[in-house]
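Asks: Given next are the chains, with one letter for each unit.
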Amino acid sequence: MWKVAIWSWPTYLALLLLLFTACRSAGAAGDYEGKKILSVELAPQPGGQAPLPADLPLKAGTPYSAANVRAAIERLFVTGRFSDVAIDAESRDDGVAIRILTTANLFIGRVAVFGVAHAPNPGQLENATKMDPGTLYDREKVSAAITNIEAVLRENGFYLATVTPELEHIPAYAEVNVTFYVQPGPRARYSTPVFTGNLQKDPQKLINATHWKRWLFFRGFKPVTQARTQNGLVRIRNLYHKDQRLMARVTLGKMQYHPQPNTLTVTVDADAGPKVDLQVEGAQISRGKLRDLVPVYEEQSVDNDLLYEGERNIVQYLQSQGYFDARADYERKPEDPAAAAKAARLEITYTVDRGERSRLVAVNIDGNRYFDTRTIRERMFLLPAGFLSYRNGRFSEQYLDRDKEAILNLYRANGFRDAKVISTIDPDYGGKPGRVGVTVRIEEGPQWFVGNLDLSGVSPGNRAAVAALLRSTEGQPYSDLNMATDQENVLNYYYDNGYPSAQFETTVLNAAEPHQVNIRYTVKEGSRQFVRQVIVGGLRYTDRDLVAERISLAPGDPLSRSAMVDSQRRLYDLGIFAKVSTAIQNPDGVESSKYVLFQLEEARRWVFNYGIGAEIARIGGGGTTDLTQPAGGTGFSPRGSFGVTRYNLFGIGHSVGLQTQISTILKRGVITYQAPQFEGNNNVNLLFSALFDDSKNVRTFSSRREEGSVQLGQRLSKANSLQYRLTYRRVSVDKNTLNITPQLIPLLSQPVRIGLVSTTFIQDRRDDPIDSTHGIYNTVDLSLANRALASQSSFLRILAKNSTYYRVGGAVIARSLTFGSINNLGHRDIPLPERFFSGGGSSQRGFADNQAGPRDLVTGFPLGGKALLLHQFEYRFPLIGGNTRGVLFHDMGNVFTDLGSLSMRVRQKDLSDFDYMEHAVGFGIRYRTPIGPVRLDLAYSINPPSFVGFKGTRDQLLFCGGPNPPAGVECSGVYNVRQQLSHFQFHFSLGQTF
Amino acid sequence: MLRTAVIAAAMALMQPLHAEIVDRIAVSVGDQIITLSDIRLALRVAGFLDGEQPVFTPQARRQMAGRLVEQALLRQEMNLSRFPTPDAKDVDSMLASVKQQRFSGDAAYRAALVRDGITEAELKRQLQWQIRLLRFVDFRFTPALLLSSKDLREYYDKEFLPRWKAKTSAPPPTLEQSRAEIERDVNAKKANDALERWLKFSRERARIVYHEEAFQ
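Those protein sequence lines, which keep their order, are chains G and P. Per this note's numbering, the very first residue in the first sequence carries number 1023; after that it's consecutive. Per this note's numbering, the very first residue in the second sequence carries number 3; after that it's consecutive.
Hints in this document: simulated from the structure, not taken from any laboratory. A couple of the hints might just be wrong.
Claimed, not checked - Dumping the calculated BS3-like pairs for lysine-lysine here, alpha-carbon to alpha-carbon at most 27 Å: (1) P:K202 x G:K1163; (2) P:K191 x G:K1057; (3) G:K1757 x G:K1740.
Claimed, not checked - Here are some, though not all, of the chain P residues that point toward chain G, as calculated from beta-carbon distances under 10 Å: (4) A21; (5) E22; (6) D25; (7) R26; (8) T37; (9) L38; (10) S39; (11) G49; (12) L136; (13) L201; (14) R209; (15) V211; (16) E215.
To be verified - A partial selection of chain P residues facing chain G, derived with a Cβ cut-off under 7 Å: (17) L70; (18) I210; (19) H213.
In this text, a Cβ means the ideal position worked out from N, Cα and C, and glycines have one as well.
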């Protein structure tokens, strides 16, 4: 037993102080070192929390280590989920309990700006915020965004705007949606701009050039927009360039805002620079050609690099003209760029020595064994002189170098590592001066093969898929191109399967065997990322399931950027979203699963469209009481159209629309209901339509059509699609407008109900459907009308079209063949409106609208036919500049009584025979516009039909044929009036003929 | 009785009453962090190398944090350019030099380690880092410097001569005679200026966040 002294109170106090001091230092990290960790928990976060990384260095059951604590803090920080991490430890009897305290990061979700619709548009303002969805959120970004928005608003004249942010926190996804509400205030107007610098022009001319002043009789200036300001500077620059001042500098200076009149005074700093005088000595090169060759005009600047490029272009141009030894040098006065900028004039002279003109008469290739000469020639620019084109041949040193490079690449791509290509030029080929021959000699060398191909670093699960992607294979020719393709394919595979940091390295070593290489591909897969969840934002009206069906990513899937892009495309294809943005939340954070964001901006649901137009041609205009002009006359038909469409009906992406068109020859209304991507199938769409049509575009009759149809469209591939259609229509012809033999009027004026089932196959491989230059377009339409479908007329109709387009230099050769046949399956004749009618600007141009084919033997009006054959040929070539093209065309074809009457005859047998092949040639002009080419065609029909017609009134037509015409109806001289369609037809319309 | 109660209380109070923060982020520099333990270790090593007692006041921690921030910016640049890490033998050589200069023998050296709470492994890592840092600064900021005759003359007239005259009344060496020394001094100053400019620029571009809880 030990005796303890009685302590005085100071001793007690000292002891207690000592103990508390000991307690304070007991929490230091060193005290826990080596102790067993009993538990590791993450302190709760508001909303959901990310799971702890599986590779966190702190684990229950392991010894505590300060180094591991530090490593754990770092591991958590690099996930990107936390802005602050602290570890606290509590000592227990048998170990230490660890708690992880964190402050979670927030990420930007959706960013939207409301309040200004135009100049700037919402998209520009959203870009100005520089807040990208998925990236880290902090308050400073919001302040910076407001500053940037205000700057863009000021550039567009809104100096009194206020911007108010609204934040929406979504703790479950650690997301913040930011909306900026803009009160723009009134837009400022320009005031008289101030010009400083060496102007060399009247300031009033510069002011006019800006287009900032209001037009004509309106006083004052236009409202400020950024585009208008920039365009003004560009126009001033162009004004100087027209004056050959190619070095002119025009920049924006101060912008002085005046609150009271709400105007903006812009200061423009301009330095006119010298006039640039560009001359060529020693060769005749037109001004227009010189502008193309010397890039100082296009670049609107003068420096030695551009002048040297001009020198090379002039030499190449002259070589292409047959001056194969051409040389050029340039000289500038003054030489010093600084002195040139201050001088009044800068003279640039290209001195050209053309040399003798020669003809490239032969391009010989020898030494090739692996590839035939034709294969090599296909890759060459050099061309010997020809009769129709390249009269002196196509030759230049640059072309020759390019050809040698192309041949070498061809050989290297097929394993000929040591291939060489040598050229020699014989200026007196065949002993004749002025005749040049080029010989390209190929030394193939041995072909190298792949000996051993080693693929390392690929995990077992990926091995089969990666191996299948490789083009380089053992025993096959070695190729750099194949290796580059392998790298691209393998990396794309990894990026699409959740390995964003995959790396691919290639090593090539000579094998022991001669002419063999061993290839080693080393892959570093990196860590794999998966989808944690897909977050969709921005939906107000659209059904969520509609969107979810089109997103091909699900929680747990590998994170694939191509799947994100594919989903984005499918959402755009719905046609109901103005914008679809996709992003990964926390893209730089090191974590195995990520949120994938889709931010959607719904498009306007109501869309109105209207238009006015006109048709000028020898128009039909049925329903005429003038029976003396069965071929019609030159007419003008104004037209107006109006339409309204409601998109995203019921929030499921369907749409309903009404389109109307009114002109002097047509009244039409169509209601459609469309269901794109029907039942979630990307390739199927459903269309219901109801149509009312009252047309007078066939001179023989006016008809009224009421029709309802349902169509299912199926896309088989990118180029091929099918349509399946069920149509019911009722067509009635106004008997008072029927200009035919009176005996046929009661029959043909009966209203007819048609029930049709049809299918159309479309193959479209054109480069541009509006103005094709290359490709092929085929359609086949098969329709069956039958009593089983409650149709009053039974027939089978086929209509097929084949069009092809070929580029020839700068021109296009286009041709089209159309064939149609109607086979009557019933007793009733094919109703007039169901027959083929042809003729006009989009078909046989030798005829006016719908004037081709059989005609009534009394009145001479067209009756349509049951067979159609038409071939069109066009040579489309550049005419003036880049927007105006010319067309030479030949159309041949006709509408025939029936299939058996098809004939290639070029003459009529008699005045009742119309079953022959009509030919027309002509010339047309196309002017390119943003909505397609405006078209004017003038056709000359070589063999227009002659026929007998009627020269009288309707009463005479109706009554003179009978035994007892009424009194007062004069019947003599009205029948058998010989007529012929005009040789000349003109057509004016929009879009290509085919 | 009271004595027993005090002893019992003392026994109980030997255990901590609540959990303690053992480490935390003090500063984040882009995607790098500087923890409280990093700052403490740096202070201990600095004290060890300087032969002074380390001070852990908030001001000292903040000052050391500032230096570590600059090192973090440089580390980022080094990693981008894959600057090599010094060999173990370079580190051993430097350690041997430190031992020789500061300590009378191995025992004194080891006692100092224990006193300052540093392990030899930690010390070597710090030395390795310092060697790498110095080499990188020399490599990155020195080679681009070009000294003109004007620079040399200016330094000789404005810096070298006044310093010489303040030290001694002996006639000063000529510009040619002192060229090597002047070039060394001027280069060092220019390198330092270049480094400062780069650090200023990098600090403005980087996202640097100080967590004040670490400096209470």
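Asks: With a cut-off of 27 Å on the C-alpha distance, tell me whether G:K1757 and G:K1740 pass.
Replies: Distance of about 47 Å is beyond 27 Å: violated.
Asks: Any CB of chain G closer than 10 Å to the CB of P:A21?
Replies: holds (4 Å)
Asks: Is the shortest C-beta separation between P:R209 and chain G less than 10 Å?
Replies: holds (9 Å)
Asks: Does the interface hint hold: is P:L38 within less than 10 Å of chain G, judged Cβ to Cβ?
Replies: For P:L38, the interface hint holds, since the closest Cβ of chain G sits about 9 Å away, which is under 10 Å.
Asks: Against chain G, with CB atoms and a cut of 7 Å, does the hint on P:I210 hold up?
Replies: With a closest approach of 13 Å, the P:I210 hint is violated.
Asks: For the hint on P:G49, does the least C-beta distance to chain G fall short of 10 Å?
Replies: violated (17 Å)
Asks: Does P:L136 pass the interface hint, meaning its C-beta sits closer than 10 Å to a C-beta of chain G?
Replies: With a closest approach of 25 Å, the P:L136 hint is violated.
Asks: Identify whether the interface hint at P:L70 stands, where standing means a beta carbon of chain G within less than 7 Å of its own.
Replies: Violated - the Cβ of P:L70 stays beyond 7 Å from chain G, reaching only about 13 Å at its closest.
Asks: Is the shortest C-beta separation between P:R26 and chain G less than 10 Å?
Replies: holds (4 Å)
Asks: Could you check if P:V211 really has its C-beta closer than 10 Å to a C-beta on chain G?
Replies: At about 7 Å, which falls below the 10 Å cut-off, the nearest Cβ of chain G leaves the hint on P:V211 intact, so it holds.
Asks: Under 10 Å is the threshold here; is the Cβ of P:L201 close enough to any Cβ of chain G for the hint to stand?
Replies: violated (22 Å)
Asks: Does P:H213 pass the interface check with chain G, least Cβ-Cβ distance below 7 Å?
Replies: holds (6 Å)
Comparing the model with each earlier hint shows violations of hints 2, 3, 11, 12, 13, 17 and 18; every other hint is respected.
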